[in-house]
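So the chains spell out like this:
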Amino acid sequence: MPTAALTADRSRKRPFWTMERRDSLAGYLFIAPQLCGIVLFVLIPLGLVVWYSLHEWNVLAGTFRFVGDANYKKLAADPALPEVLGATAIFSAGLVVFNLSLALLLAILVNQKLRGITVFRTIFFSPVVVSLVAWTIVWNFLLQANGGINGLLQVIGVTGPNWLRSPPTAMASVIVVQVFKNVGLNMVLFLAALQGVPRELYEAARVDGASRWTQFHAITVPLISPTILLTMIITIVGSLQVFAQIAVLTQGGPGMSTTVLVYYLYQQAFQFHRFGYGATISILLFLIVAVLTFAQWQMRKRIVFYEN
Amino acid sequence: MKTESSPNDISPRARVALYGLLCVLAIPFVFPTWWMVTSSVKPISDIFAFPPELIPSRFDWSTYAEVFKLQPFAQQYWNSCYIAAIVTVGTMAVSSMAGYAFARIKFPGANLIFMVVLLGLLIPSEVTIVPLFQMFLKWGLVNTHWPLILVPIFGAPSVFATFVMRQFFIALPVELEEAARVDGLSRFGIFWQIALPLAKPALAAVAIFTFLHSWNLYLEPIVFLTTPGNFTLPQALTQYVDVYQGPMWNTQLAAATLTALPVLVVFIFAQRQFIEGLAHTGLKG
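Note that the protein sequences, when read in sequence, are chains A and B.
The first sequence lines up with residues 1 to 308 when you count with the numbering used here.
The second sequence lines up with residues 1 to 285 when you count with the numbering used here.
Because the hints were derived from the structure by calculation, they are not lab data.
These figures come from a predicted structure and were not determined experimentally.
Hints may contain errors.
To be verified - Just a few of them, taken from the derived set where beta-carbon distance is under 10 Å, the chain B residues facing chain A:
1) Pro51
2) Pro52
3) Gly99
4) Phe102
5) Thr162
6) Ile222
7) Gln252
All residues carry an ideal CB built from backbone N, CA and C; glycine is no exception.
Taking the hints into account, I'd like the entire structure generated from these sequences.
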């Protein structure tokens, strides 16, 4: 607030609680709960994570001593790290590609004018409301060597693999279980975007003799590109937080093939009680999320063709 | 949803092909739930029967009694319900107030504070779980439900809700509020009597995803809670294991059915509000 206005206020002996001041106070009071929560449960913990990461801290041994950048050097030299980052990258990339393409396909399908289409829309969305662990438990049951999926495959004469016990199929299983759980959310966002595309554009394109495919990649994709970017950010950041599915389905195995960064962090901090090292892994996780989000935000300028 | 392609777009042959495709695609979405419910009422000997029984031939309801015998499941059910209820109402209050202020009230530092709050979106809860555990340990609140209530309402998980509410209030016409202002209504009065009643669709979306988030929480309960009487449902489901830590399949599936079915039934009756609520709120970006 400019000081000139303040003195003017005073000289005219206006009450201290002007409209503007009362409004500012209201603003601060309105945001106070959220801001206090962010300071207490996000900023302070974030500072503590940095602090912890500079210490050797083993809860079982009762040690907490300053070690400088030793944890960071240890992390850089950790023989498990390449494998963990590799698993994280495969999981996130697989999830994003499979999730977004299926979501778009489902959105286009449920956008067709067909009788009973809302039934399908409801079906595709329904896993979103099923408890995550319940959903994962059922898939765990289905994916057992003698479980439902292999049983059905057997009926048609195919011997299925032991899905969760060999590295490639274990990773694929974790991705697929996660995609079917949450693809409905992205489908709904795409559906809303598709319905926002003006019909006249398609009519004009048809008059010009554009094929369905041309219409799709020349009209639909550019016009829904803000939604594609948004769902991509949500899905990637979400994929870096996958925990329950790994804990229930594979416990990071077989070997370390499905040990993604978050699961590694949990193992180090809460199973091996290395809180200092766990904090160092947290920082790496935070940096990855921050860089990815920033990169995608930058991409917006190049890739998103249209924004309202 | 308003605009749809006109019906004469689709030839009868394409129509059949579309229905076929939709039905095939529906299988992985429907079958797991069907398999969960039907397997939970099969006797244990039929659970891995070959060929798989899509419809149970024999019923065994004793697993449902088992669910309540092995763990204080009713207590755990209540824990999940009441925590989700408090978190949902609390988040609606905190996020609608903050969202309103960021959208509508001019105060020094608003933009900077908004950026700081948005930081919460960037930080996975896994990153801060170690220090949060230490903080709640110091306050003597480990193995209580407080961390599962306070952190989601005030911390990072509520930031997304605040963002959605802000997007909604920004799009609201300002004239209504100005009229109320002239009539001498206070800021809180305007918020409570004018803005909030108009924000019902956004609030519904916030309520839905906050409830689901709390209901699904898994890492936090297993980090913070240690005694079965305090467990929440997701955590309890994974505790139905035998002495070798192998899952007790039918008991686990019965407990999963009890967990999933009520929410699923509510969803099916209110699917339009669910889906359109989520689709047409700030979420669009």
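Taking the hints in turn, this is what the structure says about them:
| no. | hint | result |
| --- | --- | --- |
| 1 | Pro51 | holds, 5 Å |
| 2 | Pro52 | holds, 4 Å |
| 3 | Gly99 | holds, 9 Å |
| 4 | Phe102 | holds, 7 Å |
| 5 | Thr162 | holds, 6 Å |
| 6 | Ile222 | holds, 8 Å |
| 7 | Gln252 | holds, 6 Å |
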